[in-house]
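**Student:** Residue numbers (full-length UniProt numbering), protein chains in the order written: chain A, 1 to 586; chain B, 1 to 762.
Simulated from the structure, these hints should not be mistaken for lab results.
Mixed in with the good hints, there may be bad ones.
To be verified - In silico lysine to aspartate or glutamate, DMTMM-like type, Cα no more than 20 angstroms apart, as pairs:
1. A:Lys-198 <-> A:Asp-153
2. B:Lys-400 <-> B:Glu-344
3. A:Lys-105 <-> B:Asp-454
4. B:Lys-739 <-> A:Asp-74
5. B:Lys-250 <-> A:Asp-168
6. B:Lys-471 <-> B:Asp-454
7. B:Lys-224 <-> A:Glu-453
8. B:Lys-250 <-> A:Asp-418
9. A:Lys-436 <-> A:Glu-453
10. B:Lys-739 <-> A:Asp-448
11. B:Lys-312 <-> B:Glu-669
12. B:Lys-255 <-> A:Glu-330
13. A:Lys-105 <-> B:Asp-695
14. A:Lys-374 <-> A:Glu-440
15. A:Lys-116 <-> B:Glu-239
16. B:Lys-255 <-> A:Asp-93
17. A:Lys-393 <-> A:Asp-354
18. B:Lys-671 <-> B:Asp-708
19. B:Lys-466 <-> A:Asp-168
20. B:Lys-250 <-> A:Glu-195
21. B:Lys-312 <-> B:Glu-239
22. B:Lys-403 <-> B:Glu-342
23. B:Lys-412 <-> A:Asp-168
24. B:Lys-739 <-> A:Asp-398
25. B:Lys-185 <-> B:Asp-173
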Amino acid sequence: MSLIHSETLVVNCLRCSWVDPFKFHCSKLSIVLSRFVISAMAEERRQKQCSVVLPTESMKAMAESVGVGQLQEDSCVALSEEVSYRIKEIAQDALKFMHHGKRRKLTTSDIDNALKLKNVEPLYGFQSQEFIPFRFASGGGRELHFYEEKEVDLSDIINTPLPRVPLDVSLKAHWLSIEGVQPSIPENPPPASKEQQKTESTEPLKVVKPGQEEKGTIQGKGQSTTTPDGKGKEKGLIRLKPRSTHELSVEQQLYYKEITEACVGSCEAKRAEALQSIATDPGLYQMLPRFSTFISEGVRVNVVQNNLALLIYLMRMVKALMDNPTLYLEKYLHELIPAVVTCIVSKQLCLRPDVDNHWALRDFAARLMAQSCKTFSTTTNNIQSRVTKTLTKSLFDDKTQWTTRYGCIAGLAELGADVIKTLILPRLTVEGARIKAVMEGPVVSNIDKIGAEHVQTLLLKHCASVIAKIRPQPDNVEQYRAEYGYLGPMLCSHVVKARTQATLQAQQVNRTTLTITQPRPTLSVSQSGLTGSGGPRTPSIIKVPSSLTLMSPRPGTPSQPSPPATKYIVMGTSAGAASTQQVRVI
Amino acid sequence: MEHDQFKFIFKMAAVQGGMVDAKDELDIKSEPPSDGFGNSNANDGRLLSSSPGAGTGGTATGNNKPAPGPPEEQQTLLAVLQFLKKSKLAESAEILRREAGLPEDALDPKGTDASGSGPGLAAGSGQVDGVDASSLLSRVTVSSSAAAQAPKKAGEDQPDVSVVLSAYSQQGDPSLYDAYYSGLKRFIESVLDCHRAELSQLFYPLFVHMYLELVYNNNESVAKAFFEKFSGDQECYYEQDLRILSSLTKKEHMKGNETLLDFRTSKFVLRISRDSYQLLKRHLQERQNNQIWNIIQEHLYIDIFDGMPRSKSQIDAMSGSLAGEARREANKAKVFYGLLKEPEIELPLDDEDEEAENEEGKPKKKKPKKDSMGSKSKKQDPNAPLQTRIPLPELKDSDKLDKIMYMKESTKRIRLGSDNLPSICFYTFLNAYQGLTAVDVTDDSSLIAGGFADSTVRVWSVTPKKLRKVKSAADLNLIDKESDDVLERIMDEKTASELKILYGHSGPVYGISFSPDRNYLLSSSEDGTIRLWSLQTFTCLVGYKGHNYPVWDTQFSPYGYYFVSGGHDRVARLWATDHYQPLRIFAGHLADITCTRFHPNSNYVATGSSDRTIRLWDVLNGNCVRIFTGHKGPIHALAFSPNGKFLASGATDGRVLLWDIGHGLMVGELKGHTDTIYSLRFSRDGEILASGSMDNTVRLWDAMKAFDDLETDDFTAATGHIHLQDNSQELLLGTYMTKSTPVLHLHFTRRNLLLAAGAYNP
């Protein structure tokens, strides 16, 4: 019960002149009373006894706070008892309304209705739908409930846009069961919850006595997973590991085949559908080991064959798996993470590194990596620190190629501003010198030059926003050059740009209704490119929405159909690089 | 024992008004429930004096009389009487006394023993008709002979009239209550096992009454200590009531507390074997434990039976209601549970059907089956009521068409069974923001209606056919009334939509029901009204006022025209759509009526209540013909089996109970749900029972097996002692989890597809 509820209650309780002799100060008292109701109720909860009444000292305190000086002890007692009783009575009636409203939560309207039932005018204006939590602050040896009320600036309320109109009620039908079998569709709950999958993987084996292990396994084979309890009961205390079925049903096998074929096949529409299915279907956990192996093997083979398109498809599958809320992926990270890292830092990912846009794949994989670090990194598996270590090592290595270098920087940069600050910013001078050597020195190879350009763009993009935050205002080109070397002047202009943009944004947000729509980066290989260039293995044109280079904390959803306003960019030219550099936020 | 049971009858006699009279004249033994009703009604009248009581109907007359139902009102009357006597206004006093049905000796503090109550009763019942009075008299003579030994309340030491007659005036020393109770406890714990279970039933009512006595006599601290000491011993299913009791610590609180009124005015019914009862009696007499004996005499009704004492599980199965078990005789009336004969409608043989049969290659087999079905319906069921017992509306042409549709559909019906489960189609209400409070589906499954907490009723069409309004009057004039498709022409195409919203209520809509012909929709609301909506014009036609408090549920009769409603005022009302006042008032429940259902033959109405009982009422005369006890929480769902023989009920305790209506017995218990059951439905042929609950599951039960396994031998039928098998797990055919969507409604289509509905509740 929230504070507002009880407030309603108390005010009404007192208004109804149940406590005649003390009526005179009731009206004043009521407002303050509410504060104490809460503490009484909390106490009630703790003691599990219902004979709790409001403490009399509170009555006194309240009386004083509203200017009633001397409230007698017996008045206090009578008041507190009466009020406690009435509150309980009304709460019991309100529960009735909750039951008939088919809800589990008591709302203010229930209290109002309960008051109406008692022929008491309900309190108008209290509409609190959301849950108001109990919070306690302890001091002076006792616990106090408090209700956090933020100060609200009226002009803020006036200036903020009206909230969106809530969606209207609508009706949607789905199959809960088909002839007794519940289909695994997103509308139905997953057959095995995430917690269940987790316990299965983390505590696979309960205590099994060595002598009886054999007997147990025999039993386990005869028993289907659905009835382990019945068997366990008969056999006493031995608890067997529930055998997880690794055989897939015919339907599941068909599904697996269809999905994997669609994911790496040539039809983009089918792929989108398949990825959508992977990302939403609740019943995939049994196929998860197979998907995971499929991806890791696929990456292994296709890296060797330099098949960029397939690598992209596989990464999109990883993304879809990670998007599925019903899957417990922790068990398969050992296969997925190496695959993803491979796609970030591999020396060569495509047949024609000078033309193909393997950079986008690296970016995408880097974002995936960052996301999995965020979701799966724990103190036991230390994913983030291990990944960071690996990436830094090859970044610091002088012999690292431009492609790998790009991947390392992208991978690190996606991990957040802190990582950029501690690991990339100190390297700026060194990297700058290296880029300078390629750009201004004798032409070694086109590939190197492109690589250097990309690294440069990447560094500028990621570092500018971080520097804008940590560096004080006047941006002096000379200072920048002194500090960051070759990249200094460019960095300086980027930082300036970033700052103006930030202020612009802030203004717009402040002003009013402008919402910032940030198109989620998408990545897809255009169909025309595939068919046009003869071999489906070598897409030369990659359709990239112009928002590709946006900083995005999470990888985008490649499974989404790409927005119509996408450009065809021939990758590998400076024009392309320039266009991807635009940061368009609004 | 009997004598005391009737001591309150004279108090009662004048209470009744309208329908209730008829009921109690017939069966005076169901006195405690109606006593409770009298109280609640009087109470209502008091509370609602300010509200516009339009159309209160039959009860209004009852309310307006000085009904001396609850003791405190009687006290007032007695005080007035005393005043009149003091002022030597003998004639007025006599008139008042007669009108209020008070005994002649009411003012005589010493004369409270039952010997004096004979003439008083005769005078009191002067207003009811002669038959009743004589029956009352005859009973009283029986009782008065035994009454001499009845220990009387403390008339001697407390001359004040109001105190003399108050139910909880005290005799014993408050500090001894503890000793009394624990003495009894020790005794019951020491008796033989076979009696212990039976006698343990005494604990709860005794505990409650002793506590209330203590409170009434202002022994607050003693009462508190008493409560704390013994409340833990009570059965867990009384916890809810105990909670209410615990908050009640002052005499002033007792005024107007409903739960308390129930305890004071209705006798708690216990069923105890003769042996156990003798044992108890002997013990109490030996110990001179008058305090407890008094309570037993005054507040309990002990239904003694001959034979073996019941076991603990047998008792537990039947107990749990607010006022103990049902008396045996309460369930003895004959109930015509058979179905009415279906009117004969010639079924035009459809070519399609023929083809389908030919394809199946067994055209011969189906024909005789159809015939047998026809002949079955022609034969009069011996258990069925007379066709004309309740006047039913005549069939219109459209109804006949619908019947034909129904029969066609039923030939395509799937035979369900334990190995042939129905498919379930779930209708989820999205964006309902916890506001969905009621759902109903038409019989032909073409429309779904939802009642919402924001007072709206929304009707959806779930077939491609959209909802259209009838044209306005001006436009209707332009239509050629002779044309064949006039019914089509009167509809306004412009208004076609999938959803229509009905505005009119001023509170959450808790009950909703389509008429069988799909022309009307009923909705009942927190605002105390029931509204009838036209589904042709999508406007409100009538607002039925009568319940002054929230109306929790309403339902149309399976034949239309009649409908039943029940609400917070503890009264169920039967209405006809063309009367703005109720035709019948079913009074007797001790707490809110939470759900109402019509029997398939429309002759009976079942109501479930928060007093944890289910009652079956006869529509013809308004009598309560069955009381089913056994639930441990408020009942929220009821369903009759299609053959009319059985009733299923679901409650907040998560259990489904099955009842044999003919024998008045509990015949099954289905355990499995973990939260309130809001919806129950039998499949069209009665093979499967589906239950939907707040725990987000739909469960299917093998109803066929549950009813087949019954052994209703004569002994069981006579005593009502049932042995329930614990076979819920065998009967459970399937559990289907939804995605955090409580299941509020279930419906089997004519082809036995199960539709479920609920609001997604993220």
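**Student:** Each hint needs a verdict: does it hold in this structure or not?
**Tutor:** Results for each hint:
1. At roughly 47 angstroms between alpha-carbon atoms, A:Lys-198 and A:Asp-153 are farther apart than 20 angstroms, so this suggested pair is violated.
2. As the CA atoms of B:Lys-400 and B:Glu-344 are separated by approximately 10 angstroms, the hinted pair is consistent with the 20 angstroms bound.
3. As the CA atoms of A:Lys-105 and B:Asp-454 are separated by approximately 16 angstroms, the hinted pair is consistent with the 20 angstroms bound.
4. Using a Cα cut-off of 20 angstroms, the hinted pair B:Lys-739 and A:Asp-74 is violated, with the two alpha carbons roughly 54 angstroms apart.
5. The hinted pair formed by B:Lys-250 and A:Asp-168 fails the criterion: a straight-line CA distance of about 49 angstroms is larger than 20 angstroms.
6. This hinted pair does not check out: B:Lys-471 and B:Asp-454 have alpha carbons roughly 28 angstroms apart, beyond 20 angstroms.
7. Of the pairs offered as hints, the one joining B:Lys-224 and A:Glu-453 is violated, with about 85 angstroms between alpha carbons and a cut-off of 20 angstroms exceeded.
8. Of the supplied pair hints, the one linking B:Lys-250 and A:Asp-418 is violated, its CA atoms being roughly 66 angstroms apart against a limit of 20 angstroms.
9. Of the pairs offered as hints, the one joining A:Lys-436 and A:Glu-453 holds, with about 10 angstroms between alpha carbons and a cut-off of 20 angstroms not exceeded.
10. About 54 angstroms separates the Cα atoms of B:Lys-739 and A:Asp-448, which puts this hinted pair outside 20 angstroms; it is violated.
11. This hinted pair checks out: B:Lys-312 and B:Glu-669 have alpha carbons roughly 16 angstroms apart, not beyond 20 angstroms.
12. Taken as a hint, the B:Lys-255 and A:Glu-330 pair is broken in the structure, with Cα atoms around 62 angstroms apart against an allowance of 20 angstroms.
13. Pair hint A:Lys-105 plus B:Asp-695 holds up; C-alpha atoms about 14 angstroms apart against a cutoff of 20 angstroms.
14. About 39 angstroms separates the Cα atoms of A:Lys-374 and A:Glu-440, which puts this hinted pair outside 20 angstroms; it is violated.
15. Taken as a hint, the A:Lys-116 and B:Glu-239 pair is broken in the structure, with Cα atoms around 26 angstroms apart against an allowance of 20 angstroms.
16. Using a Cα cut-off of 20 angstroms, the hinted pair B:Lys-255 and A:Asp-93 holds, with the two alpha carbons roughly 16 angstroms apart.
17. For the hint pairing A:Lys-393 with A:Asp-354, the CA-to-CA distance comes to about 26 angstroms; that exceeds 20 angstroms, so the pair is violated.
18. For the suggested pair B:Lys-671 and B:Asp-708, the alpha carbons sit about 18 angstroms apart, so the restraint of at most 20 angstroms is met.
19. Among the hinted pairs, B:Lys-466 with A:Asp-168 is consistent with the structure: their alpha-carbon atoms are about 19 angstroms apart, no more than 20 angstroms.
20. In summary, the hint linking B:Lys-250 to A:Glu-195 is not supported, as the alpha carbons are separated by about 50 angstroms, beyond the 20 angstroms threshold.
21. Between B:Lys-312 and B:Glu-239 the alpha-carbon distance is near 19 angstroms, which keeps this suggested pair within the 20 angstroms criterion.
22. The hinted pair formed by B:Lys-403 and B:Glu-342 meets the criterion: a straight-line CA distance of about 10 angstroms does not exceed 20 angstroms.
23. Pair hint B:Lys-412 plus A:Asp-168 does not hold up; C-alpha atoms about 37 angstroms apart against a cutoff of 20 angstroms.
24. A threshold of 20 angstroms between alpha carbons decides the hint, and for B:Lys-739 with A:Asp-398 the separation of about 55 angstroms lies outside it, so the pair is violated.
25. Proximity of B:Lys-185 to B:Asp-173 is assessed by CA-CA distance (about 19 angstroms); at most 20 angstroms being required, the pair is judged to hold.
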